[in-house]
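Trainee: Next come the chains, spelled out residue by residue.
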Amino acid sequence: MFYRETGQFKTNYAADMAIFPIRQDRIGIAIILAIAFLVVPFVTSEFTLKTIMLPFLALSVAVIGLNILTGYTGLISLGSAGFMGVGAYACYKLTTYFPDVNILIWIFVSGFFSAAVGVFFGLPSLRIKGLYLAVATLAAQFFLQWAFVRIPWLFNYNPSGAIEVPLRTLFGVPITGPTAELEVKYLICLCFVVVMTWLASNLVHGRIGRSWMAVRDMDIAAELMGIKLLNAKLMAFAVSSFYCGVSGAMFVFLYLGGAEAGTEFAIRLSFLILFAVIIGGTGSMIGSFFGTAFIVALPTILKFGAPAIGIAITGATAEKIVLMIIGALTIYLLIVEPHGLARLWQIAKQKLRVWPFPY
Amino acid sequence: MTLKKLAMGAAFAAATLGSGFAAQAQDSIYFMHNTYRTGAFSGSGIPVGDGTRDYFTMLNNRDGGIGGVKINFEECETAYDTRRSVECYEQGKAKGTVLYVPWSTGATLAAIPRAHIDKIPIFSMGYGLSASAVGDVFPWVFNMPITYWDGANAFIQHVAQQEGGFDKLKGKTIGLLHLDAPFGKEPIPILENMAKQHGFNLKLYPVAPAEMQNQSSVWLSIRRDRTDWVYNQGWGAMNPTAVREAARGGFPVNRLVGVWWAGGDDDARPAGDAAKGYRALNWHQTGANFPVIQDIIKHVVDRGQSLAPKEKIGENLYNRGVYQGILIAEAIKNAQAITGKKVINGEDMRRGLEALNMTEAKWAAAGAPNFASPVRVTCSDHNSQSAVYVMEWDGKAWKRQSSDIQPQKDMVRPLLEEGAKAFATSNAGWPARTEACQNNS
Chain A
1 MFYRETGQFK
11 TNYAADMAIF
21 PIRQDRIGIA
31 IILAIAFLVV
41 PFVTSEFTLK
51 TIMLPFLALS
61 VAVIGLNILT
71 GYTGLISLGS
81 AGFMGVGAYA
91 CYKLTTYFPD
101 VNILIWIFVS
111 GFFSAAVGVF
121 FGLPSLRIKG
131 LYLAVATLAA
141 QFFLQWAFVR
151 IPWLFNYNPS
161 GAIEVPLRTL
171 FGVPITGPTA
181 ELEVKYLICL
191 CFVVVMTWLA
201 SNLVHGRIGR
211 SWMAVRDMDI
221 AAELMGIKLL
231 NAKLMAFAVS
241 SFYCGVSGAM
251 FVFLYLGGAE
261 AGTEFAIRLS
271 FLILFAVIIG
281 GTGSMIGSFF
291 GTAFIVALPT
301 ILKFGAPAIG
311 IAITGATAEK
321 IVLMIIGALT
331 IYLLIVEPHG
341 LARLWQIAKQ
351 KLRVWPFPY
Chain B
1 MTLKKLAMGA
11 AFAAATLGSG
21 FAAQAQDSIY
31 FMHNTYRTGA
41 FSGSGIPVGD
51 GTRDYFTMLN
61 NRDGGIGGVK
71 INFEECETAY
81 DTRRSVECYE
91 QGKAKGTVLY
101 VPWSTGATLA
111 AIPRAHIDKI
121 PIFSMGYGLS
131 ASAVGDVFPW
141 VFNMPITYWD
151 GANAFIQHVA
161 QQEGGFDKLK
171 GKTIGLLHLD
181 APFGKEPIPI
191 LENMAKQHGF
201 NLKLYPVAPA
211 EMQNQSSVWL
221 SIRRDRTDWV
231 YNQGWGAMNP
241 TAVREAARGG
251 FPVNRLVGVW
261 WAGGDDDARP
271 AGDAAKGYRA
281 LNWHQTGANF
291 PVIQDIIKHV
301 VDRGQSLAPK
311 EKIGENLYNR
321 GVYQGILIAE
331 AIKNAQAITG
341 KKVINGEDMR
351 RGLEALNMTE
361 AKWAAAGAPN
371 FASPVRVTCS
381 DHNSQSAVYV
391 MEWDGKAWKR
401 QSSDIQPQKD
411 MVRPLLEEGA
421 KAFATSNAGW
431 PARTEACQNN
441 S
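Chains as they are written, first to last, in this note's numbering: chain A, 1 to 359; chain B, 1 to 441.
Okay, chain A solo, but in the shape it has when bound (with noise of 0.2 angstroms):
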């Protein structure tokens, strides 16, 4: 009833082909965006902010970055957590040679250096597909980890093998490093998902997405169609990955704030991105939020939320439950509803729209 488009007339092409059609889809956009930049940071307590939200913005890059490659050229790659890495100490090294540049520039130019990592790691996907690319991508997870372990350049010849976070400000104000405040950590992680979202969103509504769209139902059509497989690809991957990379400087330059990178983006982080995208939804930017916010989310809630509204519950139990869920979810989704949560959202609205009366 009150989510209607009726008498909403579309009089030009550019209001037919916008991203939002309605005018209640954008009024929410709106609503949400005021919430998150105006209300979230004050009334959020610090844990909630360190432990979710920072993890949430910080990851959903990453996921936007992996469904631009699964979701949306079809591409698997199983080393996002490589590529994060990539720009973990892309944006380490950038800052340690040159410590005056804005860390915010840094960790955007770290992205290109994951990119060009990703579109070297791309080439065997002209070649081989499905199962065989994934296999091909996890070499490049496995030799991007052992590289971070052995290459003592890359972390500064640090005898524990750490990054740190050094200090830095933007207008005076510390953006990264110890006394960084969390508020201003998370609304620069906001203005960075904003951000990378909408570039996300325009290139896949446009000729570069469609070109993605048209390898993923079907490679060869798409070449007699005159879609260059090569450069279609190896752009899916330049710019997954350069999401990647964004990502991976975020998450230990906003949210982490020192670590030991070589274990941290390991095999489980790819795996739990790439879940992060078939739980929320392939091919589709709104269920790469759903889809991280459910991985990031459901472990926290469970295991600090269940204890305090009473039911007891210990954080090994909670670890293990979690374990089962998202297992179980990905193979019911895989199977019932391969579009993922944001596909139930989809529904969800369309049941809005004739509500009350469903024909």
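Derived from the structure by calculation, the hints contain no laboratory data.
It is possible that part of the hints are untrue.
[Said to hold, decoys possible] Derived coverage of chain B by chain A (criterion: at least 3 residues anywhere in the stretch with Cβ under 8 angstroms from a Cβ of chain A; other residues may be distant):
#: 1; stretch: 85-95
#: 2; stretch: 100-113
#: 3; stretch: 180-186
#: 4; stretch: 420-432
Where is the CB? At the ideal position from N, CA and C, for every residue including glycine.
With the hints as your guide, set chain B onto chain A.
Mentor: Chain B alone, transformed into the frame defined by chain A:
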């Protein structure tokens, strides 16, 4: 976005409720302890967690806590994952924990920069950042009783003892079997130093984390190189595999010496009789023949409040948990004595830890006579570089093999100071120490 909102709402409710609990319990000392009872490393996480948990439960049951105040002990599950550990840190902070015990190097590194801001001291017992032993740079971090560098040094001393003197080391081949991760590579600089000094050949045998259970090629190279001694800086599933492979390849297991994390009962037991003679470094005794362990059995296990099976009590890693508990309890006592307060906070705890001086008499008073060598923390030395000994597996239990070995402080300390300086420079804005020095009485 409904799911996200729901998630945020629920977590918010959890956080607010959580802080409510902390406000209620003002007459107790809240201490949150990280454990990993799940995940790939739970084999070592469970016994350590049980030891500390049982020790504090025993103190509450037997003495009503410490200094008349109950210890509100709570575990936080990390699954040995840094993100989970960060959650635990935040939870501990919100509930007002007096001490953070990370139990993983990644978690330690993520917490160190925050310690002086949140006023929560960190205790990483024999792991973490070695350089944090320098108290002048890291007033809030403690890593007693020994660093990996001291461990490697003690191992070479042990080899020299067995071979009949440092001059006999010349021309010998000594190998480092290590996990190919920062933790595993940590002894390398010390071993290289000592190889130069004493003229032995150092060979490195890295084991990739994915290959922990498949070491046959590594052990082939060890046989090919005719390595005389092997030091095992291993972790988790890597240790039992190393022992088994050594035995299979005909390498004398009594020349394979593990670091203290490679000395679990379950590291040696799976190899059966072949493991007889396997050695490991240790800094405390094993077995249940200590009054403190007997008290735990009486006040905790027999009341059914322990999570540990009775036959595991007194095993090496369980005792390590107890050891950690004794040090922490002693620091709490110190803090109470220094401040005159009963309920202490993180700042008081830091002073208590800095005043820690576990003499032999104090070990005995804690119900653990001759349980471990003395530990003395000072303002600038947050490690104490205590003595270790070598123990040997007899097929059923660990037996003491050597006398105490004191690490050569003059060799290790400069490296520690160098590392601390490097940390302070690479963390631009690292504050100079302002915390007053606690006199060690």
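Trainee: Against each hint, give a clear statement of whether it holds in the structure.
Mentor: Consistency of the hints with the structure:
1. 85-95: holds (count 6)
2. 100-113: As far as the stretch 100-113 of chain B goes, the hint holds, because 6 residues have Cβ atoms under 8 angstroms from chain A.
3. 180-186: Since 5 is at least three, the answer is holds.
4. 420-432: Coverage by chain A holds here, the residue count being 6 at a Cβ distance below 8 angstroms.
Checked against the numbered hints above, the structure violates none of them.
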